[in-house]
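J.: Under our numbering, the first residue of the sequence shown carries the number 15, and numbering increases by one thereafter.
Don't take every hint at face value.
Said to hold, decoys possible - Computed list of lysine-lysine pairs in DSBU-like fashion (alpha-carbon distance at most 35 Å, straight line):
no. : residue 1 : residue 2
1   : K203      : K252
2   : K435      : K491
3   : K365      : K38
4   : K534      : K435
5   : K225      : K150
6   : K197      : K334
7   : K365      : K159
8   : K38       : K617
9   : K117      : K176
10  : K365      : K117
11  : K171      : K150
12  : K365      : K104
13  : K334      : K203
14  : K617      : K468
15  : K117      : K159
16  : K334      : K225
17  : K252      : K225
18  : K617      : K534
19  : K491      : K534
20  : K171      : K159
21  : K534      : K468
22  : K104      : K150
Note that these hints are calculated values from the structure, not bench results.
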Amino acid sequence: MIVDACTPTPEEDAGSLKIYNYIKVFQSLSWHVTFAPDNLTFLECYTNDLQRRGVQCLYWPYVSSLEDHLRRNGAFYDVILSCRPDVTEKYLDSYRMYCPSAKVLFDTGDLHYLRERRQAEIEDNALLFDRAEERKAQELGLVAKVDCTIVVSDLEKSILLKELPSAEVSVISAVHDIYPRSKGFRETKDIFFLGGYQHLPNVDAVQFFVKDIFPSIREGLPGVRFYIVGSRPPQSVKDLACDDVIVTGHVPDLQEYLSGCRLSINPLRYGAGVKGKIVTCMAYGVPCVGTSISFEGMDLRDGQDVMIADTPQDFAASVKRLYQDEVLWTELSHRGYAVIQSQYSFEVAEKRYEETLSRLSGTIRKRHIPSSYYGMCNVCGDCTQFRTLGSENLRESLLCHSCGASCRNRSLAAGLLRLTKASGARSMAELARLPSGPIIFDTDGHSALFKTLKAATFYSSSVYLPHRPFGESIGPKLQNIDLQRLPFPDDSYDIILTSDVMEHVRRDVEAHREIHRCLKPGGYYVFTAPYVPSWMETQVRVDSSGPEDIFLMESQYHGDPLSSNGALVYRIYGRELCSQLQSIGFDVEFDDTPDPLHGILVKDLFICRKR
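Could you put the whole structure together from the sequences, leaning on the hints where they help?
T.: Set out below in structure tokens:
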């Protein structure tokens, strides 16, 4: 789980981009990621983007509070990456109380107290000095309590270890892809500053530059324009605008400035940590001029990697020199790419996170996912081992040693046993031996449930073979059937089962209506499907509303025992599914309660009653 103040908006600020890329790093390491913003706000564009990437996002009203979510689900988390001191201080006790097995990592972003102390020095403000000391006590207290602190540079690590020699500290910095330049020196012009202006050091930097540095540049480079690029500029920044100073505000696509402008200027007078704006510019091959504070902790060399200047006169001279020297400009552009590859690439971040988590507790996931569990299989009725086969996808593994039933099979069996509780059956095998029972139709004619229940007089099943005639008998208790056009009379069945089928049905609404039609009044539709409760809307991967399929996303296929090509995934369901089923005429219940006794460590079962 990653917890931050708000949902990342990666094109608006470097801090968001870092967390967004950390999410991708964890996913590349095969972790299942949950993201929780402290404000529990759904940001349509950004939250949806994370959900499309397979991230579980928590937000109101589906999550009333993070504490409540942790109380219910905390035992399932292996690692918590908690960002920023205020957020981490707010939830640290809850992490420890409700997530006893999780390792808590504190991502400082930067050392806030260091940045705030430097601001106090620049402004000669005693009140800010006092606040910086309070912040220092807060941050060092958190560093002492968490399992590991993540900082962005060796410099910040050394500062923390000087204060707390026994602290566990890892250096994992900003992460960026490399973007080859589309324009050379002669095709570029003008200079820019990139930043989010809710961050006070950025406001101070552009004000300082326009007032104390840019006048000299105007004289030496007539006609050069200065672009102040980035989100949320306050009025004090907007007031800097004039003929050759352009305040852009938020720019969704930075390509115009990163490829078209000649230089990035970074006149920060205070701050801390590795500056994401520098990493971004170097990743695009844009040479940078900045103060020592701007490049702090990056181990960059003046005149070889970047241009470093700390006085207004030196800063202006460096800008004018680099702006006019094509050879130097080209060298620094190439060096920027090399720095990104060696220090700020995804490969570097992946390696450092792996090393950090291994150092903390070995391979954490193996500690939580042994090779097998012991319990009673509610399909065959045996007390047996459930094998994970080394897979973290517990839903599809945890195979019964006796009958091969998966965790998903047993989830469906649990739903059936609940609906047939009066029979006294404790397993599908016992249910199958009863002389009579509810009339059941199952659409998974190759599962462990089918193999166990096919002996029952009240059970029948189906498969989907589009190259063969629909309605054809494939074998005992087994027909070839299209769920979109069921061949049964109205009110035929007491229970209908589907198991991860509906995401593959071209027109699932039609299939659900057919299931509703064929159920008796008060009958039950019991099913599983890929479902993300935090998604409000279903993720439509293929538009099947017309005569031809239109792929909206990269094609995805799930395993199909009847086809080596797999089954095309048309959709991944969100909460919209519940509304759809209710509108058809079902009362809908979603059961996600684990049942470890029966080897059901994860459950996503729908039990829908026909009204």
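J.: Evaluate each hint against the coordinates.
T.: Cross-check of the supplied hints:
1. K203 to K252: 22 Å, holds
2. K435 to K491: 24 Å, holds
3. K365 to K38: 13 Å, holds
4. K534 to K435: 19 Å, holds
5. K225 to K150: Distance of about 32 Å is within 35 Å: holds.
6. K197 to K334: 20 Å, holds
7. K365 to K159: 25 Å, holds
8. K38 to K617: 26 Å, holds
9. K117 to K176: 24 Å, holds
10. K365 to K117: 18 Å, holds
11. K171 to K150: Between K171 and K150 the Cα gap is close to 15 Å, so the pair holds against 35 Å.
12. K365 to K104: 30 Å, holds
13. K334 to K203: 12 Å, holds
14. K617 to K468: 24 Å, holds
15. K117 to K159: Roughly 11 Å separates the two Cα atoms, so the pair holds.
16. K334 to K225: The hint holds at about 17 Å.
17. K252 to K225: 14 Å, holds
18. K617 to K534: 26 Å, holds
19. K491 to K534: 20 Å, holds
20. K171 to K159: 16 Å, holds
21. K534 to K468: It holds: about 21 Å lies between the C-alpha atoms, which stays within 35 Å.
22. K104 to K150: Answer holds: K104 to K150 is near 16 Å, not above 35 Å.
Violation of the numbered hints given earlier is absent; every hint is satisfied by the structure.
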